[in-house]
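Participant: Sequence:
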Amino acid sequence: MLSKIMDENYTLKKNLMLIGLFFILTPIIIFTSLFSIISLGKTQISENKFKIDETSVFQIPKSGIRVYASLPNSFPTVSGSAEISDARVVLIRNYLNYYHSPLEKYASDLVSNADQNSLNYKLLTAIAQQESNLCKVIPEDTYNCWGWGIHSKGTLGFNSYEEAIANVSQGIKEEYVDKGYIEIDDIMSKYTPLSNGSWAEGVKKFMTEIEDGSYF
7 MLSKIMDENY TLKKNLMLIG LFFILTPIII FTSLFSIISL GKTQISENKF
57 KIDETSVFQI PKSGIRVYAS LPNSFPTVSG SAEISDARVV LIRNYLNYYH
107 SPLEKYASDL VSNADQNSLN YKLLTAIAQQ ESNLCKVIPE DTYNCWGWGI
157 HSKGTLGFNS YEEAIANVSQ GIKEEYVDKG YIEIDDIMSK YTPLSNGSWA
207 EGVKKFMTEI EDGSYF
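Residues 7 to 222 (the numbering used here) are what the sequence shown spells out, left to right.
None of these hints come from the bench; they were simulated from the model. Some hints here could point you the wrong way.
Claimed, not checked - The calculated DSS-like cross-link candidates involving lysine-lysine, where the alpha carbons are at most 25 Å apart (straight line), are:
1) Lys210 with Lys196
2) Lys179 with Lys111
3) Lys111 with Lys211
4) Lys210 with Lys179
5) Lys185 with Lys210
6) Lys185 with Lys142
7) Lys211 with Lys196
8) Lys185 with Lys196
What the hints assert, rightly or not - Have a look at the derived ranges for each label pair, beta carbon to beta carbon:
9) Ile36 with Ser114: 44 to 54 Å
10) Asn202 with Gln122: 30 to 40 Å
11) Tyr104 with Pro145: 20 to 30 Å
12) Thr214 with Gly163: 25 to 35 Å
13) Ser201 with Lys142: 12 to 22 Å
14) Val96 with Ile35: 39 to 49 Å
15) Pro108 with Gly186: 48 to 58 Å
16) Phe29 with Gly219: 13 to 23 Å
17) Pro33 with Ser220: 22 to 32 Å
18) Ser195 with Val96: 24 to 34 Å
All figures in this text were calculated on a predicted structure; none of them were measured in a lab. All C-beta atoms in this analysis are idealised placements derived from N, C-alpha and C, irrespective of residue type, glycine included.
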């Protein structure tokens with residue numbers, strides 16, 4: 007009889023212990039599973055957002071390359087991810103490095119000034135390639151790689167590449183884009199009116215090469 011009572015007490019304690027473990031472990035397992043699901047969802051959303059932003063920044067319009075930046079809401083340097091902004095600088099720097107251009111160390115300036123003036127980030131580099139072989143053929147001590155301000159008395163000079171980049175970026179925005187010169191071909195008609203079309207084709211080609219790396 008005593009043995010039976012002890013067995014029943016042991017069984018009861020064992021059942022109570024199992025029930026207690028169930029109520030302790032079940033919430034922990036549920037919470038852990040929910041946390042994992044939420045974390046995975048956030049990671050996928052972040053990855054998708056980056057892909058969308060990346061496409062909006064790097065895609066070249068097929069109907070004609072425009073000189074202004076085609077960004078949906080705001081510029082990457084203001085509210086976009088650092089990865090996107092850095093990627094654009096890397097693309098410009100790699101291109102300039104490949105051609106041994108003195109502009110290489112100013113890749114960040116080229117991108118930031120393009121953003122400040124709502125320009126395509128590849129535009130100034132492409133024009134510099136077309137006009138001066140990326141600053142290799144320019145009047146001495148002018149820092150003018152863009153053929154900017156050329157007139158009968160000579161070429162406009164700047165005190166540094168930084169000053170040149172800032173002035174040319176602002177000039178293209180105010181004297182071209184703001185006045186309706188949106189496509190590269192539009193820019194050419196005013197920038198170099200005697201061109202037979204090769205200027206625009208060259209600039210568009212260089213912009214494409216910067217983006218897809220086809221210059222290698």
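Participant: Falls inside 22 to 32 Å, the C-beta gap from proline 33 to serine 220?
Facilitator: violated (57 Å)
Participant: Range hint 44 to 54 Å: satisfied by the CB atoms of isoleucine 36 and serine 114?
Facilitator: Cβ of isoleucine 36 to Cβ of serine 114: about 49 Å, so the range 44 to 54 Å holds.
Participant: Compare the distance between the alpha carbons of lysine 185 and lysine 210 with 25 Å, and conclude whether the hinted pair is satisfied.
Facilitator: Holds: lysine 185 and lysine 210 sit about 21 Å apart, inside 25 Å.
Participant: Check the hint pairing lysine 211 with lysine 196 against an upper bound of 25 Å on the C-alpha distance.
Facilitator: holds (19 Å)
Participant: Taking the CB of tyrosine 104 and the CB of proline 145, does the distance hold inside 20 to 30 Å?
Facilitator: For tyrosine 104 and proline 145 the Cβ distance comes to about 25 Å; the hint holds.
Participant: Starting from lysine 185, check that the Cα of lysine 142 is at most 25 Å away, please.
Facilitator: Since the Cα atoms of lysine 185 and lysine 142 sit roughly 31 Å apart, the hinted pair is violated (cutoff 25 Å).
Participant: Between valine 96 and isoleucine 35, does the C-beta distance stay in 39 to 49 Å?
Facilitator: holds (44 Å)
Participant: Determine whether the Cβ-Cβ distance between asparagine 202 and glutamine 122 falls within the hinted range of 30 to 40 Å.
Facilitator: holds (33 Å)
Participant: Is the straight-line distance between the alpha-carbon of lysine 210 and that of lysine 179 25 Å or less?
Facilitator: holds (18 Å)
Participant: Within 12 to 22 Å or not, the Cβ separation of serine 201 and lysine 142?
Facilitator: holds (20 Å)
Participant: Hint says 13 to 23 Å; check whether the CB-CB distance for phenylalanine 29 and glycine 219 agrees.
Facilitator: Violated - the Cβ-Cβ distance for phenylalanine 29 and glycine 219, about 60 Å, lies outside 13 to 23 Å.
Participant: Would you say the C-beta atoms of threonine 214 and glycine 163 sit inside 25 to 35 Å of each other?
Facilitator: Given range 25 to 35 Å: holds, Cβ gap about 31 Å.
This entry does not satisfy hints 6, 15, 16, 17, going by the numbered hints stated previously.
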